[in-house]
Amino acid sequence: QSVLTQPPSVSAAPGQKVTISCSGSSSNIGNNYVYWYQQIPGTAPKLLIYDNNKRPSGIPDRFSGSKSGTSATLGITGLQTGDEADYYCGTWDRSLTAEVFGGGTKLTVL
Amino acid sequence: EVQLLDSGGGLVQPGGSLRLSCAASGFSFNTYAMAWVRQAPGKGLEWVSTSNSGGFRAYYADSVKGRFIISRDDSKNTLFLEMNSLRVEDTAVYYCAKCTVTSAGGGFDSWGQGTLVTVSS
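These protein sequence lines map, in sequence, to chains A and B. With my numbering, the residue at position 59 of the first sequence is 1311, and numbering never jumps. With my numbering, the residue at position 93 of the second sequence is 127, and numbering never jumps.
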């Protein structure tokens, strides 16, 4: 059981938009930055979004992040088959004194 | 370019020990917190431990507290994870990760390629 809650899977057609939600509490998302990671099967995770809504260099603006209260959302527009991957949200939990991740969301581009 | 090279994984019996290493390059290693994150076969990401810059403070997941020790040698730009009293449920790919800030809580902006630890009799 993960501290952060994500949908197990989402799907959409190429060119469409998809959003992935991440729900937490006041001890984690509510009071800390949220990070999003992309993991293509068989490879290491890659940082997509940091500090709730900032993109590292090299990440296309098709990827966006937002946060409201104790929830965060990852948005992906103009879906491509190369976007098929597992996506994880993460943040620091002040009560647990631990880094916590969501259970991951598998994106399928139909 | 940031590079993290994980090593030290392998097959170990339950109750055994193993030491993982992560050789870092391309950034000021001593300036950043560093962490270990693991992923059991077919499962999601699980944070294991973080060492603040300077190595003066460390944080551990409850699942490894008292069994694993994180350390760093800033003179050699290397991060370590000493794993003792290993259990079958510790079987996973272990990733070294660079934190975005000097202390725990800042997310991870670079990851190693991972090293597989298998605990089995």
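The set of hints was computed from the structure by calculation and includes no laboratory data. For glycine and all other residues, C-beta sits at the position ideal for the given N, C-alpha and C. Keep in mind that a hint or two might mislead.
Stretches of chain A that chain B covers, calculated by requiring three or more beta carbons in the stretch to come under 8 Å of a beta carbon on chain B [what the hints assert, rightly or not]: (1) 1281-1292; (2) 1333-1346; (3) 1350-1357.
What follows is a set of in silico ranges between Cβ atoms, one per label pair, in the way DEER data are often shown [as the list claims (entries may be wrong)]: (4) A:E1336 <-> B:K77: 16 to 22 Å; (5) A:R1314 <-> B:Q47: 43 to 49 Å; (6) A:G1330 <-> B:F90: 41 to 47 Å; (7) A:K1306 <-> B:G60: 18 to 24 Å; (8) B:G76 <-> A:T1349: 41 to 47 Å; (9) B:G50 <-> A:K1306: 41 to 47 Å.
Comparing the hints with the structure gives:
| no. | hint | result |
| --- | --- | --- |
| 1 | 1281-1292 | holds (count 5) |
| 2 | 1333-1346 | holds (count 5) |
| 3 | 1350-1357 | holds (count 7) |
| 4 | A:E1336 <-> B:K77: 16 to 22 Å | holds, 19 Å |
| 5 | A:R1314 <-> B:Q47: 43 to 49 Å | holds, 47 Å |
| 6 | A:G1330 <-> B:F90: 41 to 47 Å | holds, 45 Å |
| 7 | A:K1306 <-> B:G60: 18 to 24 Å | holds, 21 Å |
| 8 | B:G76 <-> A:T1349: 41 to 47 Å | violated, 28 Å |
| 9 | B:G50 <-> A:K1306: 41 to 47 Å | holds, 42 Å |
Checked against the numbered hints above, the structure violates only hint 8.
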